Structure formats: structure tokens, C-alpha cells
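> Sequence:
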Amino acid sequence: VAVVDTLTRNGGPDVGPVNVAFASSTGTPPSAAGTLKVGEAASYTARYVLIQDDINAGGLSNSAAVTANSPLGALIRDTSDNDGTGSSDPTPAPIVGRPSFSVVKSASAVQMQFPTVDKVTFTLTVQNSGNTTQTGIQLVDDLAAFVAPAVLRTDSPVVVRATGFADGTANSAYNGTSVTNTLSGNATLQPGQTGTVQIDLVYSTAAGQPGGQNIGRATSDQLTTPTPSNPVTVTSPDTDGDGVSDALEGTGDRDGDGIPDAQDYDPTGAFYCEDTGQLLSGGRISVTGPSGTQTGVGTSNNITIVRDGTDGRFQFFVTAAGSYTLNISYPPGGAASTTRLTLGALDATSLLPSNPGSVGSNEDGTTGRLVDFTAGGNQFYTTFVVGAGDPHIINNNIPMTSCADTPDVRATKTADRSSARFGETVNFTLVFENNTALTYAAASFVDLLPEGLIYAPGTATLNGVATEPAITGKRLVWGPRDVPPADRTTIRLAARVVANGSAGSITNRAQLEDSTGVVQSNVAAATIRIVPEAVFDCSDVIGKVFDDKNRNGYQDRDDRSALTNDDIYVGKYGNKFAPPIPEPKGEPGLPGVRLATVNGLLITSDEYGRYHVPCAAMPRDIGSNFTLKVDPRSLPSGYMLTTENPRVLRLTAGKVAKMNFGATLSNVVDIDLTASAFAAGSADPKPAFASAVAQVVQTIRSTPSVLRLGYLLKSGEDRDGAETRLMAAEKVIRDAWRGVGMYKLEIEKSIKRVQ
1 VAVVDTLTRN GGPDVGPVNV AFASSTGTPP SAAGTLKVGE AASYTARYVL IQDDINAGGL
61 SNSAAVTANS PLGALIRDTS DNDGTGSSDP TPAPIVGRPS FSVVKSASAV QMQFPTVDKV
121 TFTLTVQNSG NTTQTGIQLV DDLAAFVAPA VLRTDSPVVV RATGFADGTA NSAYNGTSVT
181 NTLSGNATLQ PGQTGTVQID LVYSTAAGQP GGQNIGRATS DQLTTPTPSN PVTVTSPDTD
241 GDGVSDALEG TGDRDGDGIP DAQDYDPTGA FYCEDTGQLL SGGRISVTGP SGTQTGVGTS
301 NNITIVRDGT DGRFQFFVTA AGSYTLNISY PPGGAASTTR LTLGALDATS LLPSNPGSVG
361 SNEDGTTGRL VDFTAGGNQF YTTFVVGAGD PHIINNNIPM TSCADTPDVR ATKTADRSSA
421 RFGETVNFTL VFENNTALTY AAASFVDLLP EGLIYAPGTA TLNGVATEPA ITGKRLVWGP
481 RDVPPADRTT IRLAARVVAN GSAGSITNRA QLEDSTGVVQ SNVAAATIRI VPEAVFDCSD
541 VIGKVFDDKN RNGYQDRDDR SALTNDDIYV GKYGNKFAPP IPEPKGEPGL PGVRLATVNG
601 LLITSDEYGR YHVPCAAMPR DIGSNFTLKV DPRSLPSGYM LTTENPRVLR LTAGKVAKMN
661 FGATLSNVVD IDLTASAFAA GSADPKPAFA SAVAQVVQTI RSTPSVLRLG YLLKSGEDRD
721 GAETRLMAAE KVIRDAWRGV GMYKLEIEKS IKRVQ
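Start counting the sequence shown at 1; every next residue gets the next number (my numbering).
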């Protein structure tokens, strides 16, 4: 008996012979010759491991052919049948094909090539997620639907790259609009395999950011219904519309004018007076590049001029690589600088990694002047070599000379008084004169009240007509209003001095702002002095320097009677001491002692040791500290302080504070030295001096004393040498005192000339 088992792929050739396992149904295997006895049955099992080709073919069919010889030698044959009826049919083993794709799409971060020109890279990852090999794969990506209203740049063709596909490559003809197939050839993926397509595109956002969703769609010979990717959107917001994305500008404030960079991108430069730093209006620029020239505000030849210099500031940018030259028409009233000259051409790439790259100084807030208008702080160029991805160039300021008196919008402000008290009203007059040839459309007249002044409602007039301002905090605004050439506008208003303000000088300021909030005039100022009320705002300090005989820090009196402030002080208005009173016998005052405040005010005690500091301070609502110090050198000889020095007291407005200082006569030790106490020809004391000093220190270590160190200068001796020897002697004494003495040792030095 012989069995032949044949496998055939659907629509394909035979697989070929297979391994057949033989088993007897009776449990008794046939003989090695393959003999079957009468009534005996044998079963055979064919095992075959499927390969991808079998799955791609849709399955297999199987036939078994049996041949044998009868006992008489006749050939017997039969072929298997799948249903037992009719002819011998193969047994089918179908495999269902399930082709499918997984398509994932992502976008890179937007890279700015130039202002209003961006670049982005799309990545499409296609995975054969089915069970069959997929051939003829195509990935369609329509960029036109995605990019509008932005426009693909024709000078930067779309670039497509493909990896991971067998027998398939990137379609070099792909442009994303008329040709949307990204692959060429018979792109193939086995089940589980992944292919990747990357698309680089550069587009202009001058008409707006891309407004659509980008979706890739995959098909194959096995899967004709497109499989879409996830949608991807790309945007690079530009809040202020200057062609520079908010992502680059950020939320900082690079020019310090209080406006975030995303809403206030700096101009490329400004015309300025090299003598004053003032920005000058009336000039104009044009820019010439490889494709032509753009003059004034507008766009052509890959050049966009945003501001042309007529208001003093200019801004332009380019949208293609090349060399661009700045052509300058200077404002009237001045001349091109003869000392500050252009540095010629600037390669913008050299400014990296700074972005933007500043070559000069920025405007000082909104003052209309440069922060730094020195030559070193304002280098400038007239030719710029620009490439894709280069930084933006700012503060390329153009200097002018002989322009210190150039006409401008001039603001002046006056007050009807130079000083006022709390609660009083001050009248202000503001005058704005447009001395330029420009009309400032929708401008605003702004008054900036300082702390301590509040506007008196109903008092404002504009050119004689009652006109209330718009009030935001301390900011008063009249406008918007057009200010034509030669216009003169006068505003009058009243402001009240508030009682909760601080005394001292306060300044009220005014300025003209254009429709964008940029200051177009000088800042006019009127300063008034707020006069304090002595009764309610000041704090007086009185006190005494006394002879503290018992060293307890208090002035003791034999009669034990208390001496009140009223005994020595007559009211805040009088600011005078009372007539002399009998001096107590206990601890009298010390006259002629000098005291000093931290701000340099010097006070000397009178014949009774008394002193008085009228309106020593004007404390805040919660009070403030006041410091006073006695000059120890002004004490009588031999006296030393027994109270803290300096002293600090908390003062309260409208209150009198008392601050006494005690001093006592200490033990006085006189040491007189001559040249014999020192080594010959030297300032070094002899060893015997150090021994004597050690004995003195032990004697006075615990008894407060003043040491009088004198040098007896004999005829022919040099005074400078005597001073040097005294200092050397003092050092020996202080070295011996250190770590031994129990108080601060006062040393008085003197030089006495003897005959």
C-alpha cells in the first residue's frame, strides 16, 4: 500500500510532497511493506507548516492518492474525495485574507525661515496591520487643502523621503498639489512591517496661517479603500501681525516699555539725534534686494516694509535669501552724521545664537529717546546678508547730527503754586504744540498723577471747553483726537492733595501718545512740594546728656522729684526750652556735648546738657525708627558713656519722644612716654614697656578707666616720628587688653613739646 498526499495553493502550483505519518486504526501497524490484512484499516496524517505565500494565495487544497497490489498482483488505486459523492474532489483548506493599514501622522515644530515664511515636516508612518502581503502601496497627501490661506513657496520645492518599503521609493514628482502620490514603484509591506514617508514643505503666511487639517491616505492592490491617518493641524500664531511668530517673541518685554514682546516686536531701527538720543520723524527708507526695490510701506520683490521711518521708526523684513541694501532719506532739520558711519554689510548668521540680534540701543520705554545714544552703543549697517533661519535684526539705528533743536511735539506743564498742604487744591495747565509736519491720528493727551494727588472731578477743560478725561487709576486721558501740524492744545485741571500721602516733592507728568500708545512728545513735568503739618505729621525728640555718677544709666536726683517733659519744653509751636531751672544736685547735665543723626544733622547740648530736635522725623502710619548718637570725643576729658550709643527709638507722628544719654568720669590713667621707651632709631617699644603695660592692664581690667597716652616731644624730635611711636605704643596696650579687659578701653593720645 502506498499513499501520496498532494497540496496545491489556490491559484498556484503544487506545494509538493509532504511528510505523511502512518497509524493503524486497529492499533496494529501494518508491516514494513505497507500491507493491509483483510478487514484492517489504516489512517494517515499529513502535517504542513503554512508560509506567507499560502496566506497570500487564499489557502490550499489537498488530495490523497492510494495505490496497492492485490494478492493476485492486480494494481488497485483510488483518489480521495472531499464529500464522498461524485468524482474525487480535492479537500479545500481556505485561509481568509484580511488586509489592513495603520496610518499615523505627526508634524514637527514650525521653523521660521523668514518672517511670514515657515517650514514644517510631516511624518507618515504606515504599518501593514493585516495578515496578507500588501503590494502596490500608495500614500496620498494633499497639501493644498491643508495649507490655504497660506501659500506653498515655489522657490522652496516640497521634498519627500520614503524608507521601509520594499520595491518602492519616494515619488520625486510629488508636489502636494497637482501630484499627490508620495510613492513610486511597487511599494510592498509584509504583515507587521512599517514604512515611513516624510514631507518637508515651506509656505508663506502673509495671507494667513494654514487653516486646514492634513490627512494622509493609504491604499494597496489588496486594499483599494483608502485608510486615512489622524488629522494634523499646524499654526504659528502672530498676535501683533508683524510677521514674527508669538513663539519666538514670547511674553517677555525686551525693550522695557511694559508691552509684551508678542504684541510689541521692536522696529528694525530708528532715526535718532546723536546729540540727544531723541527719535526724529520725517525720514523714509527703501530696500533693494536681488529681485528689486520696495519703497515705503508695502510688499514686493520678497521685501516687506512695515514702517518706513516717517514716524522716526522703521521696520522691514525679507522672505527670501540674499543681500539687501537699506536706502535712507534723512528726516528734515538735521544731517547725516559725519562721525558715526555705517559698518557696511552684516551677515545675519553671525548674530546667532541671539534671536533677535540687537546691534544698537532700544527706546527708553515710551519716552521717544534711546536708552544709550553713544556711538559705541549704536553701531549700524546698511547692507544685510540674510539666509533661511537667520535671526531678526533689531535696533539698527541711523544717527543724525545738528539736530538738537529739531522741531517736535512739545509738551509743557505748570502749576499755580510751588507748595501745598494736605487737603489743598492745585491747578495745572498742560500745553501741547505739534511743531512737526505730521498729523498724529487718534492721539491721546495723557496726564499721569503721582501718589498724593487725586483729580478733582468736573474741573478739566480742553481748549476752554469742559471735557472730562477717561480715568484709569492715576492715568487721565483726553482723546482719541487728531493732532495736525501747528496744532496747539491747552488742558486745564485741578488736583487735590490727599491727606494720606507723604510729605516732600511730588511730580505731575504729561505726554502725548499716538494711536498705538507710543509717546510722541517730551514728558512735561510740574513739581510741587507737600508741606507737612507740624502738629500732626512731625515727631519731636528731646533729651539730655547727664553726668551718670553712679553709672546706672538714669539721671538720679537728690530731691527724688520727677522732671517731666513739660518742665523743660513748651508746646510744639514754641519749640523753645523753658527758663533755666535749678540744676539738681544729684547728676547734672553735661554742656557742649555733640550729637548726630544718621542724615548728618549735628546737635550740641546747652549749658544744662539739654538738646532738642524739632520735627526730627515724619513717621509713617505705623511709626518709624529714629537713631541718634553721641560723639564720644565731645565728652569732657576722662568721661565715657554709660548708656547705649547710638540709641534707637520708635517715633509716632504728632508725639514727643525723649532720649537721654549718660556719661561718667572714669578712672584716668596717665602714661607719658619719651624716646627712651623705644628702641634707638625705631618706633618699636622696648620690652620693659610691654611688661609695664601688662601690670597696668591687670590694675584697671575691671575698673572703668580712660588711659591718657602722651608723648613728650623734646627739641629736635620729629612730630611724625612721635605719632608713629604713639601708634605703636597703643597697639601694644590694645594687644595686652584683648581678652583681659572687661570693658571697652578708651585711649586718648596727645603729643606734648618740652624744652
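By construction, these hints were calculated from the structure, which means they are not laboratory data.
Treat the hints loosely; a few may be bogus.
[Unchecked claim] Straight-line alpha carbon distances no greater than 27 Å define the calculated BS3-like cross-link-like pairs of lysine-lysine that follow:
(1) Lys752 <-> Lys629
(2) Lys752 <-> Lys731
(3) Lys714 <-> Lys629
(4) Lys655 <-> Lys629
(5) Lys549 <-> Lys629
(6) Lys686 <-> Lys655
(7) Lys658 <-> Lys686
(8) Lys549 <-> Lys714
Quick caveat, the model's predicted, so the values are computed rather than measured.
> Keeping to a limit of 27 Å between CA atoms, is the pair of Lys549 and Lys714 held or broken?
violated, 38 Å
> CA of Lys752 to CA of Lys629, is that 27 Å or under?
Judged against 27 Å, a Cα distance of about 31 Å means the pair is violated.
> Decide if the proposed pair is consistent with the structure: Lys686 and Lys655, CA atoms, cutoff 27 Å inclusive.
violated, 59 Å
> Would the pair Lys752 and Lys731 pass a check requiring their Cα atoms to be no farther apart than 27 Å?
holds, 20 Å
> Keeping to a limit of 27 Å between CA atoms, is the pair of Lys658 and Lys686 held or broken?
violated, 50 Å
> Would the hint linking Lys655 and Lys629 be met if the CA-CA limit is 27 Å?
holds, 21 Å
> Taking only the CA atoms, is the gap from Lys714 to Lys629 under or equal to 27 Å?
Cα-Cα ~39 Å, so violated.
> Could you grab the alpha-carbon distance between Lys549 and Lys629 and see if it respects the 27 Å cut-off?
holds, 20 Å
In this structure, the hints that do not hold are numbers 1, 3, 6, 7, 8, in rising order.
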